[in-house]
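Dock chain G against the given chain D, drawing on the hints supplied.
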Amino acid sequence: MRLQAKAAVITGGGSGIGAAAAEVFAREGAKVVIADLNEEKLSQTVEDLLSKGFWAYGINCDVSSEEDVEKLILQTVQKCGKLDVIFNNAGTILPKPLEQVDGDEWDRLFQINVKSMYLTTKFAISHLKKNKGAIINMASMTGVVGQQYNAAYSATKGAIIALTKTMAIDYAPYGVRVNCISPAGVRTPLLDTWLKQQENPVKASEAQDRSHMLGRTADSEEIARVALFLASEDASFVTGENIVCDGGAALGYAAGPKPEWSRVPI
Amino acid sequence: MRLAGKISLITGAGSGIGRSTALRFAEEGAVVIVNDVHEENGNQTVKEITGRDGEAIFIQGDVTDPADVQKMIEKAIGAYGRIDVLFNNAGISNVGALHEVEPDVWDKIMSVNVKGVYLPSKYALPYMMEKKSGTIINMSSCAAEMGLAKRAAYSTTKGAVLSLTKAMQVDYAPFNIRVNALLPGTIFTPFVEKYLKSSYDNPEEAIAGIKTRQLSGELGRPEDVAAAAIFLASDESRFMMGSPLYIDGGVVFGKNA
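Note that the protein sequences, when read in sequence, are chains D and G. Start counting the first sequence at 100; every next residue gets the next number (the working numbering). Start counting the second sequence at 537; every next residue gets the next number (the working numbering).
Bound-form chain D, shown alone (with noise of 0.2 Å):
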């Protein structure tokens, strides 16, 4: 197993790709604990993943706040006596063209969204150390490449991306690894959300499909194998990497729907 005895965090592990990472990473041995702001969704995570033999444990927290964030780490520490992976992975969206934006969306977004990231490095890193552990970020290939209607948000995760190395810099004296990852779309409740709010749901879920060269929307546990890679030794000579997981959405010179799948019929 490829996470025998680890620990690990995954924040917004209650539901979309990081409930995927927590099935993926408990799967390959990993102690997994679950952070997220959503109660029922925590705990639904948490019990099936419990119901199906693995060991998993539950806290309730908002990564935005420094509070919950420490005592989320000193928990994970309490019950598993140690961590050695954290998969920065919650986070949300803000779409709507940038002049649009109001200051306090704004301030939220970048909370939750990289603020997050920074608070659980801060408590965690001493942690890290001891165990030459290894950080996940959760980016998106909208911060390599930005995307219409979410400047906000691509500015987060362009921050993320500059971060990631920069932590990967700062720790590897300490073996500590930071890795991110840039999915483009994959099915998870955050994209449903949005796809919801377009004017044609059903065109726009074709159109999202259509936007990657693989035809197709990713699935959360695509991503979240890619997260396992990381956390795991196969990735022992990985750090500051952005692991772009995209189905080739960013290829070629056009942004939205490939006019090569124009010829191909779904």
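Hints are all accurate, no fakes.
No more than 25 Å apart at the CA atoms, straight line, and that leaves these computed lysine-lysine pairs for BS3-like:
#1 195(D) with 668(G)
#2 686(G) with 228(D)
#3 229(D) with 170(D)
#4 195(D) with 667(G)
#5 195(D) with 607(G)
#6 231(D) with 686(G)
#7 686(G) with 229(D)
#8 730(G) with 686(G)
Because the hints were derived from the structure by calculation, they are not lab data.
Chain G alone, transformed into the frame defined by chain D:
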């Protein structure tokens, strides 16, 4: 003149790269709206421009304060009726690995360096969109591309600015607005000078270390960045959109090679 008649708003123009750019913009015929949080510094920049027969006004304002920024844009529009060039230059730095950063320091640098790009853009864009014309230049850094030791918070802000630039370009291209980013290496500014003196026992040695990091073997000058800003502000760069422009003495290339 390469910027003749261009109404150009430069944030943080009271010192360093901002001031240098303001002076060079004026020499190229731009009307310069000098913004800075420090009144004395901003006024000094204006004085230097008008002393050389350039046209400039000072608008004091904190780029992190929505009310200030809104007022600044309204004043600029009131004075000149439009903004052709917005150079989001204001920024601060911070030294430390991530766990060494205090939460209030984190909030402050994110606020100045990133929200300080968003707010002036937010309030200037509607005027640019209405005219279907305009250019925005955002100050990123090569730290956005490759990280920098003990500059975790700073690098984070500059990565945010780079991706924000690209996302903004996608949204405002239909309005004929160009958005590009500058990525300087280490430039010898008052900030860097102060930092070197306060952080190193032997500042000369520190400077020598930075010099070897850059293929140029020298630190950059504010004028080097100003020259790149003129290019992005002018119509010469009309086909550059969402681009990172490196002015780094070969830091990124040298690191990759």
